[in-house]
Amino acid sequence: MSPKTLYDKIWDAHVADETDDGTCLLYIDRHLVHEVTSPQAFEGLRMSGRKVRAPDKTIAVPDHNVPTTPDRVNGIENEQSRIQVEALDKNARDFGIHYYPVNDIRQGIVHIVGPEQGWTLPGMTVVCGDSHTATHGAFGSLAHGIGTSEVEHVLATQTLIQKKSKNMKVEITGKLSPGVTAKDITLSVIGHTGTAGGTGYVIEYCGEAIRDLSMEGRMTVCNMAIEGGARAGLIAPDQKTYDYVMGRPHAPKGAQWEAALAWWKTLYSDDDAHWDEVITIAAEDIAPVVTWGTSPEDVLPITANVPAPSDFEGGKVEAVERALDYMDLTPGTPLTEVEIDTVFIGSCTNGRIEDLRAAAGILKGRKIKQGMRAMIVPGSGLVRAQAEEEGLAKIFLDAGFEWRLAGCSMCLAMNPDQLEPGERCAATSNRNFEGRQGRGGRTHLVSPIMAAAAAITGKLTDVREMMNADAGQ
Amino acid sequence: MEKFTKITGVAAPMPLINIDTDMIIPKLFLKTIKRSGLGVNLFDEMRYDDDRNERPDFVLNKPAYRQTEILVAGDNFGCGSSREHAPWAIKDFGIRCVISTSFADIFFNNCFKNGILPIVMPKEVVDVLLKDAEKGENARMSVDLEAQTVTTSDGEVFRFEVDSFKKHCLLEGLDDIGQTMNKIAAIDVFEAKAKVERPWV
Ligand code: SF4
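Chains as they are written, first to last, in the numbering used here: chain A, 1 to 473; chain B, 1001 to 1201.
The shape of chain A in the complex, shown without the other chains (with noise of 0.2 Å):
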C-alpha cells in the first residue's frame, strides 16, 4: 500500500462515492449546529418535505447571540437574537437532534461542547455552519467549516460534495520557551504562511512543541488553521487524545472503546507519506505575540514596534495604510506602548480550563488597572462550574474581572458585549478584522496569560517580565 497521511486515511475511510473528475461524496460522522448559519437550512428541508437523515449524529447549542449575564436566565431581550435561538429550540425539537438548550449547564461554544461531551473524537469527519470547526482537528479528526447550503446539504445526505485538498505539513521543532504558549504557535505560524497561506491544503500540525501540548493548547492550535486559510488543521491522536476521550458522556465504551482505539492508533502520517508543502519553524523562535493590524497575519512578537506601510509590498502597502488609520497607530511605536481599555478573555480559541488556569496564574494576587473593562467568558457552563470549584472565579473577581456565562461573547459582539468605537481591546479570541468586536473597536490577538498581563498593566505587555518579577528574578 503507498504511504499515506493522516488526512489522506481519514478521507478514504469516509468516501461514500467518488465521480471521474475526483468529485465525493464524504460521509459526516458529528454534525455540530448553532443558531446563526442553520435556520435557513432547517427552513429549506421544511419547504422540501425533507428530514434530518442521522437525528443521532447531528448535535446543536446555541452560543453566538446568547448573552453572558446572569439576567439571561429571564429570556434573551434582543429580539432578534431571541428569534434565533428559539428557531434552533424549535428546529431542534422537530427534527429530533441532540440539544443543550441556552440554560442546561452543557451549553457553551459549540467548538468546545463537542471535544468535551465526547462527540468529538479520532478518525472522525466532523462538520459545522462555521468556520472555526477547525477545532476539532486537534483530536484527528477531519473537521472543517461550512456554509449554510451545505448545512442543509448534510442534515438532508449525512454527506459533503467534497474534492480533495491538498497536504501540508507544519512541523514545530524543539520547546517551546516560558511564556510563549499554544496561541503564539498558531499566530506565528500564520504570520509566516499569511492568511491564504494555507488555502488549498489541510495542514497537519506536529513535532515535539505540539506533541508537547495539552488537548487544550491543541485545540488553541488548530482552531485558527481556518485563519491561516487552510480547510482543516489536524493533529494525529496520542495517548494524551485517548486519556481526554475517555469516559466522556458520548465517548465509546468497554468493548467498542477497546475497537476504537485499535483504530485510532493507526492514525499517523506514514513517514514517507508525500507532502505537498512543509514548513517548519523552530519553537525557541516563537516569542508572545500580539497582533498589530486588522488581519490575523498582522503578527509580531510583543518585543517589535509599530510597523510602517514601506515595510511591506503589493496589496499589502495599502492594506497596511488601512489597517494602521483603523487601529490609530503609529510605525516606530513600540507594541508595549500601546494603550488598551478592554481584555476579553474567552472563545473556542482560548475559553477552556487551560486558559483560564493560565490566566489566573498571572492574575493572582494583582489588580487591574482603574478604568480597565476586563472580562472573562467561560466556553462552556461546565468549564465555568470547574474554574469556581478550583477558585480560579475568585482570583479572577478579587482582580476585578467580570466573571460571566458561557458563550462567544466579544469574539464576534453578537450579543450585548461589544466594543465601542475607538476602544481597544486585548483579545484571546481568532479575528482582529475592522469591527469584529463591535463597530469601530480595535482588537489585539494575544494568548490568555498576555491578555492577563494586559489588564494590569493597561498596555500591551511582555508577560515573561511579568513571570520573571514573580520568580523573583
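Because the hints were derived from the structure by calculation, they are not lab data. Don't take every hint at face value.
[Stated by the list, open to error] List time: in silico DSBU-like cross-link candidates among lysine-lysine, alpha-carbon distance up to 35 Å:
no., chain 1, residue 1, chain 2, residue 2
1, A, K90, B, K1123
2, A, K163, B, K1091
3, B, K1034, A, K90
4, A, K369, A, K459
5, A, K240, A, K265
6, A, K265, A, K369
7, B, K1195, A, K253
8, B, K1193, B, K1031
9, B, K1123, A, K4
10, A, K51, B, K1167
11, A, K163, B, K1193
12, A, K51, A, K166
13, B, K1031, A, K51
14, A, K51, B, K1123
15, A, K166, B, K1006
16, A, K166, A, K4
17, A, K169, B, K1167
18, A, K51, B, K1183
[To be verified] Only part of the chain B face toward chain A is listed, based on derived beta-carbon distances under 8 Å:
no., residue
19, L1016
20, M1023
21, P1026
22, E1045
23, Y1048
24, S1102
25, K1113
26, M1181
27, A1194
By construction, the Cβ of each residue, glycine as well, lies at the ideal position given by its N, Cα and C atoms.
Once you have looked at the hints, place chain B with the ligand on chain A.
Positioned in the frame of chain A, the structure of chain B with the ligand alone reads:
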C-alpha cells in the same frame, strides 16, 4: 438555484486585499432567519457612515457603479467566517460574478451554491480587469461560463478554469441536494459498512 450562463454588465474595482466576510456583511445582519434582503447591507461599514448616510467615495455608492454585476477584487477575497450571508448579500445586491487572484475556501464554495460565479485569475489578468473596471458604467465586461472566458470592454479575452462539476451545476441551475438524493443508495451502502467497521461512531 438561478442559472449562470453569460452576463454582460458593469464591473466594479475593489483592489483591497483580504476583504473578509465581516466587511462583506457585518454580524449585525446575521440575526435574520431568512436568506433575502441583505443587499442593502452589503459592505455595510464601508458603505455607510455612522449616521447611515452613504459614503460618496465608496465604489458601489458612485453613480457609475450602482448597477454593478461583476466585482473585481484584491487577493484572498471572502476570508473569515463561513457565513453564507456574504454571498446572499452579494447576490441580493445584484452581483453575479466575483473575480480575484484567490478566494477563501468556504466563501468560494458558498458562491456556487447561490448562483454566483467566483473566478480565479492570475495577478496580471486581475490587474488588467481592475483597470478596465475603473472605466465605470460605460465599460461593460462580459463573463461567459460555457466558454470559460472574461471579455473586457476593449474586447480583450481571458480564459479561466472552473471545476467541471461546479460548472455543470451553475449552467443548469442544479441544486446539490437533489443531485445527492439520486445517490442515496451509495450512502446507504456506505452507512451499513461503516456501522460494522466503526460501530462507536
Ligand atoms: S467563539 Fe468566536 S470564533 Fe468561536 S464559534 Fe464563537 S464566534 Fe465563532
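Agreement of K169 (chain A) and K1167 (chain B) with the hint, judged by alpha carbon distance not exceeding 35 Å: holds (31 Å)
Given hint M1181 (chain B) near chain A, where the shortest CB pair must fall under 8 Å: holds (7 Å)
Pairwise hint evaluation, K1123 (chain B) against K51 (chain A), where the allowed Cα distance is 35 Å at most: violated (45 Å)
Holds or violated: K1123 (chain B) to K4 (chain A), with C-alpha atoms at most 35 Å apart: holds (34 Å)
Pair hint outcome, K265 (chain A) versus K369 (chain A) [Cα-Cα no greater than 35 Å]: violated (49 Å)
K1031 (chain B) paired with K51 (chain A) [C-alpha distance capped at 35 Å]: Measuring from Cα to Cα gives roughly 24 Å; hence the hint holds.
Agreement of K163 (chain A) and K1091 (chain B) with the hint, judged by alpha carbon distance not exceeding 35 Å: Within the cut-off at roughly 25 Å; holds.
Hint check: 8 Å Cβ-Cβ cutoff, K1113 (chain B) to chain A: holds (4 Å)
Distance restraint between K51 (chain A) and K166 (chain A), which requires alpha-carbon spacing of 35 Å or less: holds (34 Å)
Pair hint outcome, K1034 (chain B) versus K90 (chain A) [Cα-Cα no greater than 35 Å]: holds (16 Å)
Given hint K253 (chain A) paired with K1195 (chain B) - CA-CA distance at most 35 Å: Holds, because 16 Å separates the two Cα atoms, which is no more than 35 Å.
Closest C-beta approach of P1026 (chain B) to chain A relative to 8 Å, hint status: holds (6 Å)
Checked against the numbered hints given earlier, the structure breaks hints 1, 6, 8, 14 and 23 and satisfies all the rest.
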